[in-house]
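A.B. asks: Throw the hints in and build the complete structure from the sequences for me.
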Amino acid sequence: MVGLLGHDNGLYADLTARENVEFVAQLVGAGTNDVESALDRLGIDSRVAAARAGALSAGQRRRTALAALVVRRARLWLLDEPHAGLDGQARAELDGILRDATRSGATVVYTTHESEVSGARIPRTITLSGGIVARDVDSADPS
Amino acid sequence: MNAILAIARKDLRIEWRTRTLLARVVPFALLVLVLFAVALDSEPLLLRAAAGLVWLAMLFAAMLLVQRSFDVETADHALDSLLSFVSSPSKVFFGKALSMFVQLFALAVVLLGAAVVLYGARVDGDGVVLLVTVLITATIGLSVVGTLYGVVVANMSGRDSLLPLLALPVLAPLLIGAARATEAALGSDTIDLANGWAWVALLVTYAVVFGSAGAVAFAPLAQSDS
Numbered sequence: 001m002v003g004l005l006g007h008d009n010g011l012y013a014d015l016t017a018r019e020n021v022e023f024v025a026q027l028v029g030a031g032t033n034d035v036e037s038a039l040d041r042l043g044i045d046s047r048v049a050a051a052r053a054g055a056l057s058a059g060q061r062r063r064t065a066l067a068a069l070v071v072r073r074a075r076l077w078l079l080d081e082p083h084a085g086l087d088g089q090a091r092a093e094l095d096g097i098l099r100d101a102t103r104s105g106a107t108v109v110y111t112t113h114e115s116e117v118s119g120a121r122i123p124r125t126i127t128l129s130g131g132i133v134a135r136d137v138d139s140a141d142p143s
Numbered sequence: 144m145n146a147i148l149a150i151a152r153k154d155l156r157i158e159w160r161t162r163t164l165l166a167r168v169v170p171f172a173l174l175v176l177v178l179f180a181v182a183l184d185s186e187p188l189l190l191r192a193a194a195g196l197v198w199l200a201m202l203f204a205a206m207l208l209v210q211r212s213f214d215v216e217t218a219d220h221a222l223d224s225l226l227s228f229v230s231s232p233s234k235v236f237f238g239k240a241l242s243m244f245v246q247l248f249a250l251a252v253v254l255l256g257a258a259v260v261l262y263g264a265r266v267d268g269d270g271v272v273l274l275v276t277v278l279i280t281a282t283i284g285l286s287v288v289g290t291l292y293g294v295v296v297a298n299m300s301g302r303d304s305l306l307p308l309l310a311l312p313v314l315a316p317l318l319i320g321a322a323r324a325t326e327a328a329l330g331s332d333t334i335d336l337a338n339g340w341a342w343v344a345l346l347v348t349y350a351v352v353f354g355s356a357g358a359v360a361f362a363p364l365a366q367s368d369s
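Heads up: the sequence lines are chains G and W, in that order. According to my numbering, the residues represented by the first sequence are 1 to 143, in order. According to my numbering, the residues represented by the second sequence are 144 to 369, in order.
Since the hints were derived computationally from the structure, they do not count as laboratory data. Since the structure is predicted, the reported quantities are computational estimates derived from the model, not experimental observations. Fair warning: there could be bad hints in the mix.
Ranges between beta-carbon positions, derived for each pair [as the list claims (entries may be wrong)]: (1) G:N33 x W:M299: 38 to 44 Å; (2) W:D335 x G:G54: 49 to 55 Å; (3) G:G88 x W:V245: 44 to 50 Å; (4) G:H7 x W:L309: 26 to 32 Å; (5) G:H7 x W:M299: 18 to 24 Å; (6) G:D40 x W:A218: 25 to 31 Å.
Which stretches of chain G does chain W cover? Using the computed rule of at least three CB atoms under 8 Å from a CB of chain W, they are [as the list claims (entries may be wrong)]: (7) 16-26; (8) 93-107.
From the derived model, a few chain W residues whose C-beta atoms are all more than 12 Å from chain G [as the list claims (entries may be wrong)]: (9) L207; (10) D269; (11) L274; (12) L308.
Yeah, the Cβ is synthetic: ideal placement off N, Cα and C, and Gly gets one too.
C.D. replies: Okay, here's the thing in structure tokens:
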């Protein structure tokens, strides 16, 4: 199963944040506990969870989309600038989620323009310049 | 099956929140029926044409519902996200077609009621079973074709005008079959009940063909849009 998060969040504006996550949970066979756990993990409190996605701030919508991603328990995560729109705390939480995902055996691929910090988060960094691979650093490789 | 129901429930929940059917589609369809009555201005003519006018109004109203159904999917690229993790894209097709069926069936009941009031249409005991069968089979056909063509135009510019241009010609056989079978159910002099059931067979075939085509083609069509 693929967990895809692009520039758009893939949310339904007329459903609440909780309903958006629950909808994904129903489709992948996850339970209520998984929904609660994902909402907690992303710091989505009951007030935000009960608000329609269309009425949330950009950061809250991003958190909701990430909670829906967590519930999917994907084996391959494809993320396009997942930190966009998140504050410092949420960024740290997201890094923790991505670390947990890779530890559980999932493959996480994400793009970012923040090259100075991306190396600290992921074991392999491929730098593209003009559509060509300019650098390929595998920090897990001792050579 | 759970995924199909979850997708249908999601669409119906959004409809309940936004009241598109109640606030826009039902008034529009009723207005079409009223305008037909004003334009034709002849009770025998209206009685003769009632079945066709009801299904014509259904087709126009269905275009609004289909557009709305896919607007919510494309607004934040939710359909792309959904297709990336759902176990089979055909479940998305059938889920959206199911929610469309529920809404269109409710609309069909309202429009038939309006035809009774406005055009003086009547249905007797023998026609009731045929009428209910026509409503179900024709609405299934309309739902699957609407969902199929909805995804075709989902990400196209000018989709509001493209959808009717593409879908209405394909819906012509359904319009003919549903109108003739409904006419038989309403006790018309020009077609008997037995002939009405023959038109139902066409509607069933139509629904099976487009339901199968939609199940197969939905994913490629959705992906080529994205």
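A.B. asks: Quick one: which hint numbers does this structure break? Sort them smallest to largest.
C.D. replies: Failing hint: just 8.
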